[in-house]
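Engineer: Chain by chain, the residues run as shown.
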Amino acid sequence: MKKLFPTISILALSLFSTVVSASEKLQWHGFIAQGLIQAKDTNYINDDGDVSTELTEVGLNLSYQINQQLRFAAQAVYINGGNRYNEGGRVDYFMLDWHAYSDENDNTHIYVGRIKNYTYLYSSVRDVPMARPSIILPQGMYFDATRDLSVGGDGVYINHKHDSENYGHFDFNISSSQSEISDKQKQIMLGDFATGDLDHKLDVQSSVYWQPSDFSPWRFGLGALTAEFDYEKGTGDAFSDGKLVLQRYTANFNYEGEYWEFSGEVMQERFRLENLYFDGSLVDRFSQGIYGQARYNFTDKLSVLGRAERFYGNKDDRDGKTLEASSGGLIPRYFAYQHTLTLGMSYDFQPNLRLQLENHWIKGAARLTPIILPDPVTNNKEDWQVWALQLMYWF
Amino acid sequence: MYVGRVDAAVIISHSSIETKQLSTSQLRRIYTMRQTTWANGQAIVVYTLPSSHPVHQEFTKKELKIFPYQLDKMWIKLTFSGLAKPPIKVNTMEELIDAVKSTPGAIGYVNQNASLDGLNVIAMEAK
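Sequences listed follow chains A and B, in order. Residue 1 is where the first sequence starts when you use full-length UniProt numbering, and the numbers rise one by one after that. Residue 1 is where the second sequence starts when you use full-length UniProt numbering, and the numbers rise one by one after that.
Warning: the hint list may mix true and false statements.
[As the list claims (entries may be wrong)] Straight-line C-alpha distance at most 25 Å; calculated DSS-like pairs for lysine-lysine:
| hint | chain 1 | residue 1 | chain 2 | residue 2 |
| --- | --- | --- | --- | --- |
| 1 | B | K73 | A | K161 |
| 2 | A | K184 | A | K40 |
| 3 | A | K315 | A | K363 |
| 4 | B | K65 | A | K301 |
| 5 | B | K65 | A | K161 |
| 6 | A | K186 | A | K201 |
| 7 | A | K184 | A | K233 |
| 8 | A | K301 | B | K62 |
| 9 | A | K161 | A | K25 |
| 10 | B | K73 | B | K62 |
| 11 | A | K381 | A | K40 |
| 12 | A | K381 | A | K321 |
| 13 | B | K73 | A | K301 |
| 14 | A | K301 | B | K61 |
| 15 | A | K25 | B | K101 |
| 16 | B | K101 | B | K20 |
| 17 | A | K315 | A | K381 |
| 18 | A | K243 | A | K186 |
| 19 | B | K62 | B | K20 |
| 20 | A | K381 | A | K363 |
| 21 | B | K61 | B | K73 |
| 22 | A | K25 | B | K73 |
Since the hints were derived computationally from the structure, they do not count as laboratory data.
One chain only, chain A, in its complex shape (with noise of 0.2 Å):
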């Protein structure tokens, strides 16, 4: 699946050049973002927790209308999290996007290339600040340090709606897709004594939607992935070779309003280590979350936007109290769970200027990096903050 990628790249960028274009086949838009963050008692943002300017968020897309069945669209985007994760730009998508079938109650498209993945509520707009509901996303669902895995990789989606009079509006999507692991995303999730290669093996991701009827607010959906990782050490590894396995379970729902937004999402996740402390060494558990939000707009400009959430790492150890005992004392209890309370605010000066703020309560750290091995030195607290502020530009 990964030689697709150069393969698509060829194919899209010489039909691209010979084809005349015309603006209504033509579009390009993008985005500007730029913010300032702090989360003082940990390593979140930073080390060593001081006013960041690392919330930047730029992006740069185009669509074109090969012909009537064959659509190009791209994306590049540069971003800047501090900590949160590995700064720099990336192909987000790029990919032929094929109307395969079309009638009056049913559309069916297939995408190739690079792919985002569409799984939960904000999986493919996590870095697009104007279309997330705050700046830092619940992290149970939208863990930072997993950004690259979770957002997409070289595959294939596949998207299948289906209108009915009767039954409302059905969105079906199936993807698998691989992405490359950076250095700095294995260091983000093993920490500094891992040598070796992570290596994306497999990612299947599945989800539908449904809205009741043309005319409901309310929206429901489901979605599962599973996700392979095979690890290979390096010299001088902490780590033996070994596999990690992620397995998701998701509902969510979405109503709109005219005045009061109201959205939520829960889900369970097996996180499974084979071998990979050790030889024959086994974690296998269940994490669980769960958050609900709502936004109130009070004016065409200003809305206000309250959540909560709670995160367990371990469904069966929710205090911490194994987590602690079995580290000998070395990871404190709040390592097992991270709950948080938000209020934000959002301003639309113009149509396409927006500045968001908010602040986070937070209790806990379990969704506090490194992963594998945590940073109980630098994340001393079990009750922290983060606060940040935004200016968003689109067009």
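Fit chain B to the supplied structure of chain A, relying on the hints for placement.
Structural biologist: Just chain B now, kept in the frame of chain A:
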């Protein structure tokens, strides 16, 4: 059914389109990019005015029966996740009329005072 649609927007398309009537559901499917081809198989090119434009507000609430912010959210998601060709935004009604006149497969909306010469007018099905 609406009585006295004085404020309502008029749905227009390129003159080559034969569709004379759409239901609210069909129009909404077109504007939310769920339906991307006309009955004759031709690709639909969707034109819109800026979301703050009074005719857009009117069109969105009365014809699509959706709040303008919902449409904006949907378009932003489609545009920046690569899923669909986003609608083409023009700044004025005059620009929109010119664009719909000259683009095969185009659809748009204007207020009732606009001159409709050289355009196909699409009536909304009464419910």
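Engineer: Determine for every hint whether it applies to the structure shown.
Structural biologist: To see whether the hints hold, each was checked on the structure:
A threshold of 25 Å between alpha carbons decides the hint, and for B:K73 with A:K161 the separation of about 19 Å falls inside it, so the pair holds. With a CA separation close to 22 Å, the supplied pair A:K184 and A:K40 stays within the 25 Å bound. With a CA separation close to 17 Å, the supplied pair A:K315 and A:K363 stays within the 25 Å bound. This hinted pair checks out: B:K65 and A:K301 have alpha carbons roughly 20 Å apart, not beyond 25 Å.
The hinted pair formed by B:K65 and A:K161 meets the criterion: a straight-line CA distance of about 21 Å does not exceed 25 Å. Note on A:K186 and A:K201: the hinted pairing holds, with a Cα-Cα distance of about 15 Å set against a maximum of 25 Å. Annotation: proposed proximity of A:K184 to A:K233 holds, straight-line Cα distance about 16 Å (limit 25 Å). At roughly 21 Å between alpha-carbon atoms, A:K301 and B:K62 fall within 25 Å of each other, so this suggested pair holds.
Our distance criterion of 25 Å between C-alpha atoms is met by A:K161 and A:K25, whose separation comes to about 23 Å. Only pairs whose Cα atoms come within 25 Å are accepted, and B:K73 paired with B:K62 is accepted, the gap being roughly 18 Å. Our distance criterion of 25 Å between C-alpha atoms is met by A:K381 and A:K40, whose separation comes to about 10 Å. Annotation: proposed proximity of A:K381 to A:K321 holds, straight-line Cα distance about 17 Å (limit 25 Å).
Pair hint B:K73 plus A:K301 holds up; C-alpha atoms about 14 Å apart against a cutoff of 25 Å. At most 25 Å may separate the alpha-carbon atoms for a hinted pair to count; A:K301 and B:K61 meet this at roughly 17 Å. A hinted pair counts as satisfied when its Cα atoms are at most 25 Å apart, and A:K25 with B:K101 qualifies at roughly 16 Å. At most 25 Å may separate the alpha-carbon atoms for a hinted pair to count; B:K101 and B:K20 meet this at roughly 16 Å.
This hinted pair checks out: A:K315 and A:K381 have alpha carbons roughly 22 Å apart, not beyond 25 Å. Annotation: proposed proximity of A:K243 to A:K186 holds, straight-line Cα distance about 13 Å (limit 25 Å). In summary, the hint linking B:K62 to B:K20 is supported, as the alpha carbons are separated by about 19 Å, within the 25 Å threshold. For the proposed pair A:K381 and A:K363, the alpha carbon gap of about 9 Å is at most 25 Å, so the pair holds.
A C-alpha spacing of about 15 Å is found between B:K61 and B:K73, which places the hinted pair at or below 25 Å, so the restraint holds. With a C-alpha separation of about 22 Å, the suggested pair A:K25 and B:K73 falls inside the 25 Å cut-off, and the hint holds.
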